[in-house]
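Protein chains in written order, with our numbering: chain G, 379 to 538; chain Z, 1088 to 1605.
Treat the hints with care, as some may be off.
Stated by the list, open to error - Simulated restraints, written as ranges between beta carbons of each label pair:
| # | chain 1 | residue 1 | chain 2 | residue 2 | range |
| --- | --- | --- | --- | --- | --- |
| 1 | Z | Asp1453 | G | Asp396 | 53 to 59 Å |
| 2 | Z | Phe1114 | G | Thr533 | 34 to 40 Å |
| 3 | G | Asp396 | Z | Phe1376 | 33 to 39 Å |
| 4 | G | Asp485 | Z | Ala1243 | 34 to 40 Å |
| 5 | Z | Ala1325 | G | Asn432 | 29 to 35 Å |
| 6 | Z | Asn1412 | G | Pro452 | 53 to 59 Å |
| 7 | G | Lys480 | Z | Arg1462 | 45 to 51 Å |
| 8 | Z | Glu1322 | G | Ser415 | 38 to 44 Å |
| 9 | Z | Arg1547 | G | His477 | 26 to 32 Å |
| 10 | Z | Glu1322 | G | Pro452 | 27 to 33 Å |
The set of hints was computed from the structure by calculation and includes no laboratory data. Computed from a predicted model, the values in this text were never measured in an experiment. From the three backbone atoms N, C-alpha and C, an ideal C-beta is built for every residue, glycine too.
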Amino acid sequence: MNSTQPAWDRDTVLGIIDALKHKPGALMPILHGIQDSIGYVPPDSVPLMAEALNLSRAEVHGTITFYHHFRTTPPGRHKLEICRAEACQAMGANRLVAHARKTLGVDFHETTADGAISLEAVYCLGNCACSPAVMVDGELLGSVSQESFDELVGTLRSQP
Amino acid sequence: MTIKVYIPRDSASISLGADKVARAIAFEAARRGATIELVRNGSRGMFWLEPMVEVSTPEGRVAYGPVKPDDVAELFEADFLYGGQHHLNLGLTEDIPYFAKQQRLTFARVGITDPVSIDDYLAHDGYRGLANALKMTPADIVEEVTTSGLRGRGGAAFPTGIKWRTVLGAQADQKYIVCNADEGDSGTFSDRMIMEGDPLVLIEGMTIAGLAVGATMGYIYLRSEYPYAEVALNEAIAAANARGYLGDDILGSGKTFHLEVRRGAGAYVCGEETSLLESLEGKRGMVRFKPPLPALEGLFGKPTVVNNVISLASVPIILDQGGANYQEYGVGRSRGTLPFQLAGNIKYGGLVEAAFGLSIRELLYDFGGGSRTGRPIRAVQIGGPLGAYVPESQFDLPLDYEELGKNDAMLGHGGLVVFDDTVDMAQMARFGMEFCAIESCGKCTPCRIGSTRGVEVIDRMVEGKDRPKQVILLRELCDTMLSGSLCALGGMAPFPVLSALNHFPEDFGLAEPADKAA
Ligand SMILES: Cc1cc2nc3c(=O)[nH]c(=O)nc-3n(C[C@H](O)[C@H](O)[C@H](O)COP(=O)(O)O)c2cc1C
Ligand code: SF4
Ligand code: FES
């Protein structure tokens, strides 16, 4: 086992695998279950899934890496996703993205130095009549300006 | 008397503050001792008016919007519970021209009912299609859908009845209904609005599909970007199960249909039906070769109907009012209605359900009111990231599958993304290639590698490095992608790129129309 990886609760993960492994095509629900519960899919959990589902580790690893949504490192305290797709671009999403990169001091798939915010890109949140759109910890926001973005970041930084 | 007050639970409305307004109204009503019943409905789809609050009055529902939490006390002062005058009073909701001009069939209940209430659904003609279907033979159900002329609303416009007939005819111990709720196209949100605003109509449509082809299990493959839809769907499925509309013995008929929501994980290509099936099986979303067709060997190798949300949600009204009635709407081979979606830089953005055949211009100006920034509209991308950019000179084209196709454009899932004259079309073309590179499943070289090369060629063009040669290169690259790709991601990514180049050569630093310059 890789000792540089942060500790995660093995029993929680085993519990999730056990509860879902009987489902047809169980791997995706299990991966979601793990990430919903502990924020990411620890690489060390791959053998547990492989064994329970009778798959090779390579198959499990291959599935995890295919999807943009799954992450294999712990996220910051908050997940901030900015829509980069066309309708949001038509309303200035690229300027919002540049502003976010500059003020947060990180690029996409990175976490701010204080551990508060992980910045992610998404391609459409289904809020294209209220662009630019942003999602924060699963909560959708619309017509986001640089000012409302700064306010939001301030709130997130002050929250645990 | 208890007064019904409606505030959407639709996520776009919530993104503009609907939850806060709902709390403020509940608080203010309690403080004033007013007895109200707060219903969290779907959105009517007029997003510039959201959060839009409606109250029922003897004359009909009166709308107020856009309401901010700070407006709430004032609304109570103005007697809004009885339709009182206030500057946010929009009159009777159904008289608002944007809404009144529509032909709502699939969206008949969205914004009207409580999305997860079976009783409300029944009170508004819900489950009449299923009641009819339960009295019909599977072949007759398929025939009714064929008669309606319904074609797949996911983009490819394949006749739904023919797909169902193939699955009905397949012999197997297990068949599946899979709903494609991946809605990855930018500028589209009609699937989301149905799932959040009237999930029971999708459940009813899937149940009818199950009866029609002999499938007892259904999956809704829902993109992970739609958490609010997941909640609404699961609440509605639980309600349907509790009342016997789903389960082992549907309404005592002896027929079985079970339904489960499965979440995607942020991959555009998983909207492609075979990639979606791989994903449902727990694998990487690699596109499969066809044949075999999913209709014969689909999920877990079994015969499977894969249909878009809107296709399935249009089935109940077809079974209720008859296929002949549905096909009276529309033009040419595009029958029925389509929920069009106005998005991007548009003043009145939202959902417009109308019969096929209205023009792009009518949608953009009569409904949409022009750009939100007030500047001239320069280009509209129709049909998602694989759809062409349409210039002003083509705005009189009718919205119809064949007519757009003849003009190298496509209707797809019916989303229109509007850009004003500040748009840089070379950058949009570059993004088209970049998006293809990010989302490629990696199976074919033209798509996986070609898209990255495409980004580089456009960059060189914009920098002015030997432009005529780059134009030739870009066109050759697009040809290779068009002919050498397994699925439409690589096969259609050239459409937005070429349309940008052909209609807006000046943005690429080319003086003349690009084909001449080359
Ligand atoms: C790259 C790609 C993405 C697609 N995305 C979607 C989607 O998000 N939703 C959808 O319904 N169909 C999508 N499709 C079309 C599906 O492959 C398929 O045609 C559709 O689900 C069939 O259902 P329908 O006949 O009811 O439209 C996509 C196709 C491709 C090639
Ligand atoms: S065209 Fe692209 S997305 Fe489609 S199968 Fe080929 S590599 Fe995969
Ligand atoms: S394009 Fe940004 S929400 Fe759809």
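Hints, one by one, checked against the model:
{"no.": "1", "hint": "Z:Asp1453 to G:Asp396: 53 to 59 Å", "result": "holds, 57 Å"}
{"no.": "2", "hint": "Z:Phe1114 to G:Thr533: 34 to 40 Å", "result": "violated, 22 Å"}
{"no.": "3", "hint": "G:Asp396 to Z:Phe1376: 33 to 39 Å", "result": "holds, 36 Å"}
{"no.": "4", "hint": "G:Asp485 to Z:Ala1243: 34 to 40 Å", "result": "holds, 36 Å"}
{"no.": "5", "hint": "Z:Ala1325 to G:Asn432: 29 to 35 Å", "result": "holds, 31 Å"}
{"no.": "6", "hint": "Z:Asn1412 to G:Pro452: 53 to 59 Å", "result": "holds, 56 Å"}
{"no.": "7", "hint": "G:Lys480 to Z:Arg1462: 45 to 51 Å", "result": "violated, 26 Å"}
{"no.": "8", "hint": "Z:Glu1322 to G:Ser415: 38 to 44 Å", "result": "violated, 22 Å"}
{"no.": "9", "hint": "Z:Arg1547 to G:His477: 26 to 32 Å", "result": "holds, 28 Å"}
{"no.": "10", "hint": "Z:Glu1322 to G:Pro452: 27 to 33 Å", "result": "holds, 31 Å"}
Hints 2, 7, 8, counting from the list given before, are not met by this structure.
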